[in-house]
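Number of protein chains: 2
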Amino acid sequence: MTCLLKMRAMRDQMSVNERKIADFVLENTKLLRDYSSQQLADVVGVSQSSVVKFSQKLGYKGYPSLKLAVYETYAGAAQVSAGEDDARPRFGKSDTLLSQLGQKKLEVLENTAHINEADHLSAAVAAIRNARCIQISACSGSAAVAQYFTYQLLELGCWAVFDQGGRLQQSMVNSLSDEDVLCIICDLGGEESLVEVANRARERGVKVLSLTRYNYNAASIHSDIRLYVVPPEEDQGMQRLLYRSAQLHVMETLISGLISSDQ
Amino acid sequence: MTCLLKMRAMRDQMSVNERKIADFVLENTKLLRDYSSQQLADVVGVSQSSVVKFSQKLGYKGYPSLKLAVYETYAGAAQVSAGEDDARPRFGKSDTLLSQLGQKKLEVLENTAHINEADHLSAAVAAIRNARCIQISACSGSAAVAQYFTYQLLELGCWAVFDQGGRLQQSMVNSLSDEDVLCIICDLGGEESLVEVANRARERGVKVLSLTRYNYNAASIHSDIRLYVVPPEEDQGMQRLLYRSAQLHVMETLISGLISSDQ
DNA sequence: AGTGCTTGGAATAATGTATTCTCTTTCACA
DNA sequence: TGTGAAAGAGAATACATTATTCCAAGCACT
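Residue numbers (this note's numbering), protein chains in the order written: chain H, 1 to 263; chain D, 1001 to 1263.
Since the hints were made in silico from the structure, they are not lab data.
Warning: the hint list may mix true and false statements.
[Claimed, not checked] In silico contact screen, one side only, chain D against chain H (beta carbon under 8 Å); selected entries:
hint, residue
1, V1043
2, Q1152
3, G1237
4, M1238
5, L1248
6, E1252
7, I1255
8, S1256
9, I1259
10, S1261
[As the list claims (entries may be wrong)] Calculated cross-link-like contacts (lysine-lysine; reagent style BS3-like; alpha-carbon spacing at most 25 Å):
hint, chain 1, residue 1, chain 2, residue 2
11, D, K1057, H, K61
12, D, K1030, D, K1061
13, D, K1057, D, K1030
14, D, K1030, H, K30
15, H, K30, D, K1104
16, H, K104, D, K1030
17, H, K6, H, K61
Just so you know, even glycine gets a beta-carbon here, dropped at the ideal spot from N, CA and C.
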C-alpha cells in the first residue's frame, strides 16, 4: 500500500510532470503491469528519463522496482479487500455507529501504521526514554492529542510538560538543554509558531521529534525524528476525528514502546 | 497458480537442464522476484539463453513474463492466507511496533464494539445533542480520556466541562438541571466519589451517562445510559493503554454520531 | 543582464533479454 | 562401427529496456 500512498501524499510537493505521472499511475494502477518505462512516458506525455527519475524520487532503485511495488499493491489489493471482508464483521454485524466508524478508522490506522518506519519509531522511543524533560507543543487542533500524550508520559514517569502556547512557550524552550526533547504535534498545516519553536530548540541542541501530516512540511523538516500520520480522504466532518485517531495511534505506539523498553 | 503447476506437471518431459531450472524455481519461488535471467542462470548453473528458452517452452513470451506469472502465484498465495488468518496481516506484515500494538488494540476495540448496543449509543448521542450543559467526571485513571472527550465536545459546540474533582465537583453538580447531562467515565474500579456524584445528579433530574468497565459496577448501576468497555486480558503494563484506547474508541463513536446527526 | 537552482529531455551508457548459430551428444539404421 | 538426423546447450550477438549524463530552458533573487 505504501507505494500508492506515498504518491498521494507527495502529490502536493511534486512538479507538474511528476504529478502527471503520479496521477496516471494512481488512476491506471493495473495498466502499469504491462508498461515499460517508455510506454508509460509516452502515454503520460513526458520523457522516459522523467519516468525513471520519478521512480527514484519515490525511493525506488528504478522503474522496475516501482512497477513491482505498484503491482504488489494491488496484487495485495485483493489481499486488502479480502482483509476488509474479514474485518467488517469484526466490527459488529450490525450497522452500528461503532462499526461504521470502525471501518474508516481501521483504514486510517492501517495507512498510518504502514507509513512509519520501525527505525524512526524506536528512535523516538529511545529519545523519550533518555530525555530529562520533554516539552510537548501542538498546534491548536492537536492540543487534545498532545495533552493526552502528556498524561501518559507523566504516568510512566517521564517529565513531560504540555505547552499551552502563548508567552510561556518561549521561556519553556529556553530552559531546555541538549538532554531534552521537544515533541511537536501538528495537524494539517505547518503552523509557523511551531517551526519557530523547533528551530529555537535545535539551536540549543534539543532533540526535536515531530508528528505531522505525511508529506514534507515545515514542521517536519525542522526536526530530528519524524513521524507521520496519513490524513484520511476528505470526509467532511469526520476528517478531523479520524486524523486525531491516527495521531493517537502513533502516540499509543510510542507509549507501548516505552512500556516494553521499561521491562 | 497455473504457472508452478505447469512446471511440476511438465517436469517429467523436461531435459536435465530444464529440470534444474524448474526445481530451483519451485523451491525458491520468492527469490525469483529479484533475479534477472542471467542471475537465475548462474545460480542454477546453466546459460542465460537456456533460461529464456525454458520460459518460452512453458508458454510465456519471455523470461519477464514467467517471472511475473510466478510472482502472481505467490502474491495470490498471500491473498489466500490473508483471508484465513483473519485480520492479522492488516496491521502490517512487518513486526513493527505499530503492528504489534495494532493487533492487541484491534482485539480490544472489537470486543468493545460488540458489547455496546446501537440503541444505547444513539441514546447517548441524542442525550448529548440535546443537553444544555455536560459535566464530565472521571476517576483519576481516566482523566486523560475525559479531557480528550471534553475537547472534542467543545469543538462541536457542546457546552462541556471537565470536572477536575475536588471541591468544585459538588458545586458543579448542584448547578446542573434536568436539561443537562452528567457523563461519568471510570476505569476498572467503581470509584465511590463518582457514584455519589451520579446519585446527586439523578436526584436533580440530570441524565447520567456512564462509560465503565463491562460488568455491573456501582457507577454503571446508577446511570441512565450505560456504555461499556471490555477490558483487555491481563497484559501487564499494556493493559491500561489498551483500556484507554477502547474508551477513546467509544468516545470517538459518540463524536462521530454527533457529527453525522448535525448534518 | 548575471548567478544559482530546479526541471525536463536528448543522447548515450549500462544492463537485461531474445535470437541465431555452432558444437556436442545421442540414437536409429545400414 | 560408421553416418546422419535430431535435440540440447551455450557463446556470440542483435535487440529492448532501463539508468545516467549532460545540456538547455525557466525562474527566483541580486
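Tested hints:
no.	hint	verdict
1	V1043	violated, 19 Å
2	Q1152	holds, 7 Å
3	G1237	holds, 4 Å
4	M1238	holds, 6 Å
5	L1248	holds, 6 Å
6	E1252	holds, 6 Å
7	I1255	holds, 6 Å
8	S1256	holds, 5 Å
9	I1259	holds, 4 Å
10	S1261	violated, 10 Å
11	K1057/D / K61/H	violated, 31 Å
12	K1030/D / K1061/D	holds, 21 Å
13	K1057/D / K1030/D	holds, 21 Å
14	K1030/D / K30/H	holds, 21 Å
15	K30/H / K1104/D	violated, 34 Å
16	K104/H / K1030/D	violated, 33 Å
17	K6/H / K61/H	holds, 15 Å
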